[in-house]
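Chemist: Put chains B and C on the given structure of chain A with help from the hints.
One-letter residues, chain by chain:
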Amino acid sequence: MSAPKLPVTALGIAGALLLAASGCGSSTLSPKALSQESKSLKSLAAEGALLARDAEAGKSTRIFRRVHSEYLYKTASKSSTSLSTAKAAPGAAQELQKLTKLAGELSADLKHLGDASNEELPGLARDLENVAGKLE
Amino acid sequence: MSLKNVLAVALGILSAIGGFVDIGDLVFNTQAGATFGFQLLWVVVIGVVGIIVYSEMCGRVAAVAKRPVFDLVRERTGFGAGLATLVASQVVNLMTCAAEIGGVAICLQLLSGLPYRVLIPLAVAGLAVASWVLPFEWIERVFGYLGLCLLVFAVAAIKLHPDWGKVAHGFVPGSHSGGSLLVYLYFVVGLLGAAMTPYEVYFYSSGAVEDGWGPKELNLNKVTATIGYGLGGFLSFSLMIVAAVLFLPQGIDPQFLGTPALTAEHAFGKVGLLLALVGILFAVGGAAIETCFSGAYNTAQFFGWRWGKRERPAAASRFTLAWLVIFALAFLVVITGYDPVKLTEYSVIFSVVALPLTYLPILLIANDHTYMGSKTNGKLANVFGVVYFVVIIAIAIAAIPLMLVTHGGQG
Amino acid sequence: MSTPAEVDIALGILDHQLVDADGINCGKVDDLEVAGLDTDSPEIVEILVGGNAWRSRGLLGRIAGRLAGNAVHVPWSEVDSVSSVVKLKRPASELRLDEGDRRWSALVGKVPGA
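Chains as they are written, first to last, in my numbering: chain A, 2 to 137; chain B, 2 to 412; chain C, 252 to 365.
Note that these hints are calculated values from the structure, not bench results.
There could be a bad hint or two in this list.
For lysine to aspartate or glutamate, the following DMTMM-like pairs were computed, each having C-alpha atoms within a straight-line distance of at most 20 Å [to be verified]:
(1) A:33 to A:116
(2) C:361 to B:312
(3) B:67 to C:273
(4) B:343 to A:71
(5) B:271 to A:137
(6) A:79 to B:340
One chain only, chain A, in its complex shape (with noise of 0.2 Å):
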């Protein structure tokens, strides 16, 4: 290979690295990504099961209520979406397949955590715990 096209070899394989590094296309989850997703839905999952306490308990505001299960909701829609899609690396398939339907059921009930009525609140906290305590 004649020494200019070197250069222009050499940046097309760091370009094609790069975009592979950048999950470009549709997305492969390791199961070190798959544990960094599972740890953040948690954490929705436990901060909705709070405010549903409060809630229950009349500490909370409606308005509080309703705005803040909200941006909880959003965040955990956009990963129920992502996981939805994302193909999991070799031995973690059955990870993966646990996550997706678990942040479908967060989605359902964080939706569901801003305009319930007082009476379905505590089922509401059981299941957003269930959830928290299933993800790990």
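Modeler: Positioned in the frame of chain A, the structure of chains B and C alone reads:
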């Protein structure tokens, strides 16, 4: 000391306490508590002492030289260095101002339920009107006193029964027991950056000149800076402690501005929640005004324009335009919808990188006899000033690498 | 005619604050025009304020100067005293040093309470 003097000092201290916390402190202290429990409390102490040391210098410069510190940067360090300092501090300032305004809008949303996008222009308009209409001391007072609602976090910290032995251990420097070391160091940098923001000391200096400080106020300066910021530091401790008690065990990672408020809500119910939200609103709102004016002061002082809230807006027209333009630019940043909490994380880290450039002139000028006469730094001030400057350089170098390696503290 | 001491002072007052007869800020000493530097009796001719006075102040100054208009020339004879600030003998308006604020004053003045 007459009763009137004592009252004046007390009021000054109160508004310093209420004005100490801004969105950077809120985000970093809460996240630090939720990630490392009490292990980073000692860092807050170091940050608070740092800002006391440099604020005292800035106040002294203002009282003795009768000019704010930034006004002297250009003549002391030259046109090129002065301009570089101005540009760097303006970029960081703008990010910070935008983050604070975003914070105000979120607080208003959590209180009113109105949509975030609608509240952004309302927040900017409200802050601009307050800045235009209120005299300087009133801005400090209103935002400072209402920021005192944040004391609910201090009371909540007690009510939530932390393990006080562990809390005490957290004040031992370098106490790190478990968790990623790199993430720990990231929080060390972030907490110091959040406590020692340059806009605060520049604003303090210009404010002292606006208030007409002279050599008689030198002791007032020492007292206000020390007690005011010192007690303000207790608010930072509180934020970290309540997060450690309520969030760490549950694995809650605070990503939203409403998350800290949950601690006050959990401890005291609706009253606690409302006090927390109002406190955050005014602390962050006050900071938005301070960052905006700090930018306008710095610009006007670099170019030698007329400046100050004392002047009629039309007389110091370029200064007035400067702060209006900064609010407008910050508004544009916020309206993009970029998450203010993430913006805060970046603004704190970038202000750490700019810290040496912004703090070095302060140290130089406070030691310069031509401006300070006999009131240059004593041995104590210089020892602290130099030690802190070394710390500042270290964290400035480490800041961005740590942010990248830990993905913004996520590990 | 300026004494060597005066010239030293002048070179030392670059970037210092200019203040008019009423004590009002009117810019910084952005540049100095000194005649006869290579002779025994250099003379400070004038102070340059604002605008393209920054052209001679390094790279950043050249960029800044290109964006600005013409500098205002203030004859050295207008200087009353030199301390940490440079005090002038007359009000800024008489020396055309207040044009910056005056230009924008009309716009800012439109807001009530200005």
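Chemist: Decide, hint by hint, whether the structure agrees.
Modeler: Each hint tested on the structure:
This hinted pair does not check out: residue 33 (chain A) and residue 116 (chain A) have alpha carbons roughly 35 Å apart, beyond 20 Å. Between residue 361 (chain C) and residue 312 (chain B), the direct Cα distance comes to roughly 16 Å. Compliance with the 20 Å bound is thereby established for this hinted pair. Of the pairs offered as hints, the one joining residue 67 (chain B) and residue 273 (chain C) holds, with about 17 Å between alpha carbons and a cut-off of 20 Å not exceeded. Distance restraint check for residue 343 (chain B) and residue 71 (chain A): the Cα-Cα separation of roughly 18 Å lies within the 20 Å cut-off, and the hinted pair is therefore satisfied.
A hinted pair counts as satisfied when its Cα atoms are at most 20 Å apart, and residue 271 (chain B) with residue 137 (chain A) does not qualify at roughly 31 Å. Simply put, residue 79 (chain A) and residue 340 (chain B) have alpha-carbon atoms about 15 Å apart, close enough for the 20 Å limit, and the pair holds.
Against the hints set out earlier in the document, violations occur for numbers 1 and 5.
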